[in-house]
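Trainee: From first to last, the protein sequence lines are chains A and B. Going by full-length UniProt numbering, the residue at position 220 of the first sequence is 220; the numbering climbs one at a time, nothing skipped. Going by full-length UniProt numbering, the residue at position 81 of the second sequence is 81; the numbering climbs one at a time, nothing skipped.
Just so you know, these hints were derived from the structure itself, not from any lab. Predicted model, so just to flag it, every value in this text is computed and none were measured. It is possible that some hints are incorrect.
Okay, the calculated beta carbon distance ranges per label pair [stated by the list, open to error]:
1) A:ARG183 <-> B:GLN105: 30 to 40 Å
2) B:GLN105 <-> A:THR119: 12 to 22 Å
3) B:ARG218 <-> A:LYS304: 57 to 67 Å
4) A:THR121 <-> B:GLU164: 37 to 47 Å
5) A:GLU229 <-> B:GLY141: 35 to 45 Å
6) A:ARG325 <-> B:GLN105: 27 to 37 Å
7) A:TYR231 <-> B:THR156: 37 to 47 Å
C-beta: ideal position from N, C-alpha, C; glycine also.
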Amino acid sequence: MSEKTIQEEKRVFMTGNEVVAWAAIAAKADIMYGYPITPQNEIMHYWTRLAPKYNKTFLQTEDELSAGFTTVGGVMAGRKAFTATAGPGNTLMQEPMSMAEMMRLPTVVVIQQRGGPSTATVIYSQQEVTLTTLGGNGEGMRIVYSTANHQELYDYTIKAFNTAWKYRFPTFVLGDGYQAKMREPLTMYKPEERGVQIIEPQAFVGLAGVPGRDRPPAHHRNTYNLEEELYEKVSHDMAEFERIAPEVAEFQAENTDDAELVVVGHGVVFRAVREAVNNLREQGHKVGYFRPVTLRPLPVQQIKELSAGVSKILVVESAYGQLARLFKEVAYGGTAEITHLFRPGIGITATEVEVRVKGLLETGLRKPRLRKASVG
Amino acid sequence: MAPQPKMPRSWRAETKPHKFCPGCGHGIILKFLGEAIDELEIHDKVVFGCDIGCSLLSWDFFNLDSVQTHHGRTIPVMTGIKRARPELICIAYMGDGGGYSIGAQHMVAAAARNEKITAILANNTQYAMTGGQMAPTTLPGQKTETSPYGRDPEVTGYPLQGPEMVSAITPDGAYVARSSIGNLRQLKAALKKALENQINGNGFSFVEALSSCPTNWRTNAKDTWSFIENEMSKQFKVGEIKAPGAVQGEVG
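Please build the complete structure, drawing on both the sequences and the hints.
Mentor: Right, dumping it as structure tokens:
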């Protein structure tokens, strides 16, 4: 494989999908298996254009089931294989990712969310949070990075390969159609130049030597004869997942210490949240923001502290409570009142968030009025 | 003690006796696959993949690197390995459900792309692991758990002719044969040729093997053989269907 990748830092202006393709090259990915679906197509388009120049390969499969399973095969063969999908493709991808999860395979999948179910809108939503974090017939032992801008698409695509091969859990980069399609400036760099050590892949099958003579054969399975056997396997992996969770979990927060209200958002919605919170601060309101960068595992400790330390939390998302459900589960036991602004499938502006926060701050000053229950 | 038949070298003695039901055809197919691997001396290059269903019981059958996959997904997993490491010899082992029903799109696409892997499919005319339901290969009139009055082709169609379909859609370089556990010489020759075809880098290699399931067929030894040799072979013609540079219809 060619070692020639991005040689020096470069300021560029490009679409998110193009960024992902370049980041995969920078992360020394070897092979992409993919199936077309909007809005992630250009990841494949750019990858297929870059691939021959960097001695990389590509296979366009017959569907996402196959794209996921060929990725599993590529990873087992010891190559840095990845795929990308969206919406109904993400639904199909849950089957191969269930296999990867149980076999502890370092698969990397980039998801550019779109509205659902099925075709719905092809551009934008945050409705693939539940599916990506907890999909499949397993326990959701995955790592999911939710990006907010193109720089992060570059950074976290590189990071996803390292995280996957380090911890051997399926790793996802969760973007969306806006990030996929719009152009934005960012800095591309060679990971090593910034001290990011690229983790080398290792083969699961096709190992050196004759199996049964020089070494035991590598036997990989997701079939268990007894429930107890499965229990032991899942318990072991889950314990490991929980052990690594605090070191994998990432978040971003500001002005939460003295805040009366904290706004929570992820992905591109976080951009509106941050802008709204900054504006409100300038106007003298005691508000802050909290953004989980990893949606799985969540930054549990920080969410618990937050929910015990502020009086109100507003969860903002372009879905009907997919983040809120995950958040509330972790925040359970805290004293904060958790409320929400849900806009499934559409974007959210900073102004909308500001208006909502002001409304909540005002109601917070009023005394609650009890209404008499009326009968009949 | 009577002398025991010799196991292929590629078999894993620790996992024998194997887990298949008495009278099951899988053990026979896997025996000749093992012998073919032995004779070709490719132990260190083979990756063996099996499906969900009875074929999964072969996950630790061999002294070979093996992957047990999901139902119908063995072909894409092996394709993924082969594309990433072309020097490996990838074998996708499945039943008629995994190849012709739930995994049919993968079979079709891999055949059309001429993926340089070897697919081996045990056809026992029904789903065995799940308790004997109708399969794409169930014979007309055959009783299964989901065709209790016998398969009616007017309602559920005729048995799928897998190798004929694969033969029709594969480009040059493909090797396609139908074999039977009732004709061991031909079965072994076909398996060996299917592997050689991959070693030579020609294209997709596919062997369907007519197999037995006395458990779900509820047959004794005599009726089991009779069903394979008299009933199944009427519907499914045994022989070589396609081979690079060979006269079709001939087989060793």
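Trainee: Run every hint past the structure and note whether it holds.
Mentor: Taking the hints in turn, this is what the structure says about them:
no.: 1; hint: A:ARG183 <-> B:GLN105: 30 to 40 Å; result: holds (36 Å)
no.: 2; hint: B:GLN105 <-> A:THR119: 12 to 22 Å; result: holds (20 Å)
no.: 3; hint: B:ARG218 <-> A:LYS304: 57 to 67 Å; result: holds (59 Å)
no.: 4; hint: A:THR121 <-> B:GLU164: 37 to 47 Å; result: holds (43 Å)
no.: 5; hint: A:GLU229 <-> B:GLY141: 35 to 45 Å; result: holds (41 Å)
no.: 6; hint: A:ARG325 <-> B:GLN105: 27 to 37 Å; result: holds (34 Å)
no.: 7; hint: A:TYR231 <-> B:THR156: 37 to 47 Å; result: holds (39 Å)
Checked against the numbered hints listed earlier, the structure breaks none of them; every hint is satisfied.
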